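Two chains, two frames, a set of hints: combine them into the complex.
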Amino acid sequence: DGGITQSPKYLFRKEGQNVTLSCEQNLNHDAMYWYRQDPGQGLRLIYYSQIVNDFQKGDIAEGYSVSREKKESFPLTVTSAQKNPTAFYLCASRDGSGLEQYFGPGTRLTVT
Amino acid sequence: QKEVEQNSGPLSVPEGAIASLNCTYSDRVSQSFFWYRQYSGKSPELIMSIYSNGDKEDGRFTAQLNKASQYVSLLIRDSQPSDSATYLCAVNIVDSGAGSYQLTFGKGTKLSVIP
Numbered sequence: 145d146g147g148i149t150q151s152p153k154y155l156f157r158k159e160g161q162n163v164t165l166s167c168e169q170n171l172n173h174d175a176m177y178w179y180r181q182d183p184g185q186g187l188r189l190i191y192y193s194q195i196v197n198d199f200q201k202g203d204i205a206e207g208y209s210v211s212r213e214k215k216e217s218f219p220l221t222v223t224s225a226q227k228n229p230t231a232f233y234l235c236a237s238r239d240g241s242g243l244e245q246y247f248g249p250g251t252r253l254t255v256t
Numbered sequence: 090q091k092e093v094e095q096n097s098g099p100l101s102v103p104e105g106a107i108a109s110l111n112c113t114y115s116d117r118v119s120q121s122f123f124w125y126r127q128y129s130g131k132s133p134e135l136i137m138s139i140y141s142n143g144d145k146e147d148g149r150f151t152a153q154l155n156k157a158s159q160y161v162s163l164l165i166r167d168s169q170p171s172d173s174a175t176y177l178c179a180v181n182i183v184d185s186g187a188g189s190y191q192l193t194f195g196k197g198t199k200l201s202v203i204p
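One line per chain: the protein sequences are A and B, in this order.
Its first residue numbered 145, the first sequence is counted upward by one per residue in the numbering used here.
Its first residue numbered 90, the second sequence is counted upward by one per residue in the numbering used here.
The hints are simulated quantities; they were obtained by calculation from the structure and are not laboratory data.
One or more of the hints may lead you astray.
To be verified - A few chain B residues facing chain A, derived, Cβ under 8 Å:
#1 F123
#2 L135
#3 S138
#4 N181
#5 Y190
#6 Q191
#7 L192
#8 F194
Note that the structure is a prediction, hence the values are computed from the model and not measured.
Note that beta-carbon positions come from the ideal geometry of N, C-alpha and C, so glycine has one too.
Here chain B stands alone, though its shape is the one from the complex (with noise of 0.2 Å):
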């Protein structure tokens, strides 16, 4: 059983800070990894992805990835009150069977950023 586990919170920083959110996974063929932010009452959106070990930025947003400990965060820096959203971490899985390709989600981290 694939599983990806988050830390539900709610995560509550400041405005400015930097939030921290973490993600791990279970099956350690997992290939790749993806972080949506979700607003209340909307749909997931595609804000990272990241592929290889070690860190990935987009403006204020830096993925980490680490396969050995089996571990993904997002880091925020200057953190808005328009950050404030549940994060879902998703990891992929090529089944190479079945040529398919799934994602697993955690639950989700919901994060509030304090003005």
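The shape of chain A in the complex, shown without the other chains (with noise of 0.2 Å):
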């Protein structure tokens, strides 16, 4: 089955901890993104990579971290610095030849 994992769908921490989101894809697509998405709002950029060991900021990169050390992967990490956490995390992955962007099914992370 071809397609993008998110793990854990909810992840619960406390202020002050950074966690780290999974996204892995087996569709052997070059780019992947960071998105969040907050009640009753749109999609907003986090990060994004075009290729393995290069990614650039997107809009809101503030009190984010990434990497892409593997076509497959590109973990995201909250930070301590992020000050409002909260909100429903989506990846997605492009084909390189194609305009069109595919999500994973999310993680809902909550601090408190």
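Now the structure itself:
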């Protein structure tokens, strides 16, 4: 089964802790993206990567970090510097020759 | 600042009617346009993409693009209760300098199909 997986589905953390969200794809897509979605809001781009070992900041990168050591994997770390980390986090990927982005199931992070 | 505007709704239509969802965008050089469907608590699912002016049909869905008016719409014919969801409009601009392909999303229109 080809697709994008994100784990875990729900994540709970205490304020001040760093947390890493997993995103894996077996679609052989070159580009990968991280978005966050808040209630009643559109998706906002956090980071994206078009090739291995390279990534770019999106519109709201502050308080987040990423790595792209393998084509299949693009983990996102939410650091303690992120002021409002509670949100629905979505990972997406895109084939290098296409324009459509496809989303994983998402991780809902709650920080208290 | 690239912007994508959608009426937040809710838009309520009776079962079997045509639902019309609208989206305007601010960046004249936008090239590609997408409609995603998002059920409550789930991730967005791509349902339509359109790249040139005019209509594109796929089953009960028709996307319409008018670049001169910076307007893209989605029509859903014979609406079903299972179409009840939030529909997100997304607009792509190729950043020729960085070679990137980014999407800017609207906040979505919530559609409710009444049986």
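Here's how the hints hold up against the structure:
For the restraint placing B/F123 at the interface with chain A, the shortest Cβ-Cβ distance is roughly 7 Å, inside the 8 Å limit, so the hint holds. Checking B/L135 against chain A: minimum C-beta separation of about 6 Å stays under 8 Å; hint holds. Hint status for B/S138 relative to chain A: holds, with the closest Cβ pair at about 6 Å, below 8 Å. Nearest Cβ of chain A to the Cβ of B/N181: about 6 Å, under the 8 Å cut. The hint holds.
Because the smallest distance between the Cβ of B/Y190 and any Cβ of chain A comes to about 6 Å, under 8 Å, the interface hint for this residue holds. Annotation: interface hint on B/Q191 holds; nearest CB of chain A at approximately 6 Å, less than 8 Å. At its closest, the beta carbon of B/L192 sits 6 Å from a beta carbon of chain A; the interface hint therefore holds under the 8 Å criterion. Checking B/F194 against chain A: minimum C-beta separation of about 4 Å stays under 8 Å; hint holds.
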